[in-house]
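Undergrad: Spelled out from the first residue to the last, the chains are:
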Amino acid sequence: MLTVRGISKSFGSHKIIENLSFEVPEHSIFGFIGQNGAGKTTTMKMILGLLPADTGEILVNGKKVTAGNNKTNGLIGYLPDVPEYYEYMTPKEYLMMCGRITGLDKKNVDKRANKMLDMVGLSPYKKKIRGFSRGMKQRLGIAQALLHKPKLLICDEPTSALDPLGRKEILDILSSVKEETTVLFSTHILTDVERICDNIAFLNQGKIVLSGSLEEVKNSHKTSEIEILFENEKDAKQFLQTFPEGKQIHSCLLQYTQICEEDSFIYMKYIAKNQLQIQKMEWLEPTLEDLFLEILKEK
Amino acid sequence: MRAFLEFLKKEWLEISRTGKLWILGIICLVFGISNPAIAKLTPWLIEMMSEDLSELGMTVSKVVVNDLTSWTQFFKNASMILIIFLIMFSGTITLEYEKGTLIPILTKGIHPYTILAAKTTMLFTGWTAVYWCAVGITYSYNDFFWGNVVAKHLVFALFGYYIFGVWMIAVLILMSSILHSNIGVLLGTSAVFGVDFVGRMFPKFANYFPGKLTASGELLVRVAEPKDYQKSIVITMVLSMIMLGIGCYFIKKKKV
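Chains as they are written, first to last, in my numbering: chain A, 1 to 299; chain B, 1001 to 1256.
Hints are not guaranteed to be accurate.
[What the hints assert, rightly or not] Some chain A residues well away from chain B (every beta-carbon gap over 12 Å; in silico):
#1 81
#2 125
#3 225
[Unchecked claim] Calculated from the model, a selection of chain B residues having no Cβ within reach of chain A, i.e. all distances over 10 Å:
#4 1007
#5 1029
#6 1104
#7 1105
#8 1149
#9 1182
#10 1244
[Unchecked claim] Just the calculated beta-carbon pair ranges, DEER-fashion:
#11 B/1084 x A/111: 35 to 45 Å
#12 A/111 x B/1231: 33 to 43 Å
#13 B/1124 x A/123: 34 to 44 Å
#14 B/1225 x A/12: 47 to 57 Å
#15 A/52 x B/1099: 48 to 58 Å
#16 A/176 x B/1246: 23 to 33 Å
#17 B/1246 x A/111: 25 to 35 Å
#18 A/257 x B/1252: 29 to 39 Å
Rather than coming from a laboratory, the hints here were simulated on the basis of the structure. These figures come from a predicted structure and were not determined experimentally. The beta-carbon is built from N, C-alpha and C at its ideal position, and this holds for glycine as well.
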C-alpha cells in the first residue's frame, strides 16, 4: 500500500531523514515509533506531499507522491497530532465541506458524514466545534480522515495528549477500521503499539534502526532470562541452594539469567522430582520499551 | 471548481460567524453617513464658533456646503476604510497556516492555488461591497440634501480609489503568501505603500505609481483630468495581477 524508498530530508544543514525505506502492507496497522524529533512527522508530511523529499521516492498504492501536487491525497486520510478546525462550524458542516472538497457528491457526503459521526460517537453534538475537548477533536479528526474511504490512514501521535479513556476510544476506532483501510500510526507510547500494531519500525535520528512484524521484533531480541515464582519461601530456598547461579528477587521469586532451553528442562525436572510448589515459570519477554531503550543506548 | 466553491462558502461562513460581517457593515454605515453629516454640520459648527473667532478679530463669512463638500470628505475617509479592511484581513492566510487549520484541508487534495483563489475572491468581494455600499450611502444622502450636481467626474474618481484598494489587497495577499505572521504581512504591506509614497515624491514619475489614485478626489474640483490617471490605473491593474501571480508561486512553496 505504501512504499517509501531511500528518502532523505534536510532543513538547512540539519539532516532530519537519512535514506529511509520501508513498506506498509495492505490492511495492516503499522506502528512508526520514535522519540520526539526523530523525524516521524517530517516523514508523514512527505508522504502527504506537504513537504518535498530531497532524494528518494514515495509510492501510495503504486502512485508516485509529488510535493505540492497532492493528487495521491485522494487515497490518504490524515489525522494530525493536534488537529485544528474552523471552530465556528459544527462537526457536520466541517465533514460536509471536507467531503465536497475530496469530490464526494452531496447525497453521498451527507450519508458518509452521518456514518462517520456515528462511528466516532459525535452524532449527538450539534453545537460548534469551539467547545470540543481534545479527545472530541481527535475523534472528529478520525471522522474527517476516513470520510472519503481512504486506502491509507495516517495518524500522527493520535493518543499523545489524551487521558486513558480517550486513548482507549481512539485505539478501538483504529483497530476497527483495519478491515477497510491500512493504518500508519506514529507514536512514542509503546503500550499503544503493542496493543494494536501488526508491523513496527523504530526511527532514530532519521534512520530506521529496527523493523518487522511485532512478533519478529520481539523474538529477535528475546532475552535468556527465566523467572520462577514459588508458592512458599522454603521451596524457593531449596531450589536456590541447588541452583545458586540465580538471583532472589523477593522471598518467593527467583530469576536466572543467561540460560538456555536445556537449563529450563533441568529446572522443571528438579521441581517435579522434589514436588516443589510453583505459581509460574516464565521466559521473560522484552517489552517494546526495553527494546526502545536498548536501541537508544546502542546509538 | 467544486473545491473552490466549497472553500469560498467556508470563507463566507467565517466572516458571517466571527463578527467580521457586522464590523464591515458598521464601517460602511458610519463612513457612508459621516461624509454628508459632516458637510451638513459644517455651517452650524462654524456659526457656533463665529463669536469666539470674531473676538479674536476674525470674520467668518457664510459657508456654502454642497455635494462637493461631502465627496471631498469621502475621499479623506476612504483611506480609513481601506486601512481597517486591511488590518481585519491581515491574518486571513497566515493565521490558517499558524494554527494548522489548513492541514486537513490540504491533505484532502485541494491545491494551494484554489485556497488562494477563494481567499482573493472573498477579499475583493468584501472590498467591493464595503466600498461601493459606503459610496451608495453617501450618494443617497448627497442626492437628498443637495443633488449630486457640483462634483465632476465622480464615477471615474470613485473607481480610481477603488482600484487603488484592489492593488493594496493584492499586496496583502502577496505578503500573506510569503510571510508567516499577520504583523509581518501588515509591515510588508506598509513597506510597499511606503515605496510607492517615496516614488510619488518625484514629480516626473508620480503619474506612474498606484498611489496617484489616492488623489483621484482632485478630479471632482477639476484640478486634474481623467487622462492624468489613466497610466496609473493601467499600471495598478497590471501590478495587481503580477502580485497575485507571484503570490501563487509562493503559496505553493509555503511550508505547512
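Undergrad: Confirm or reject each hint.
TA: Tested hints:
no. : hint                       : result
1   : 81                         : violated (9 Å)
2   : 125                        : holds (17 Å)
3   : 225                        : holds (45 Å)
4   : 1007                       : violated (7 Å)
5   : 1029                       : holds (24 Å)
6   : 1104                       : violated (6 Å)
7   : 1105                       : violated (7 Å)
8   : 1149                       : holds (46 Å)
9   : 1182                       : holds (16 Å)
10  : 1244                       : holds (18 Å)
11  : B/1084 x A/111: 35 to 45 Å : holds (44 Å)
12  : A/111 x B/1231: 33 to 43 Å : violated (57 Å)
13  : B/1124 x A/123: 34 to 44 Å : holds (38 Å)
14  : B/1225 x A/12: 47 to 57 Å  : holds (55 Å)
15  : A/52 x B/1099: 48 to 58 Å  : violated (23 Å)
16  : A/176 x B/1246: 23 to 33 Å : violated (47 Å)
17  : B/1246 x A/111: 25 to 35 Å : violated (42 Å)
18  : A/257 x B/1252: 29 to 39 Å : violated (58 Å)
Comparing the model with each earlier hint shows violations of hints 1, 4, 6, 7, 12, 15, 16, 17, 18; every other hint is respected.
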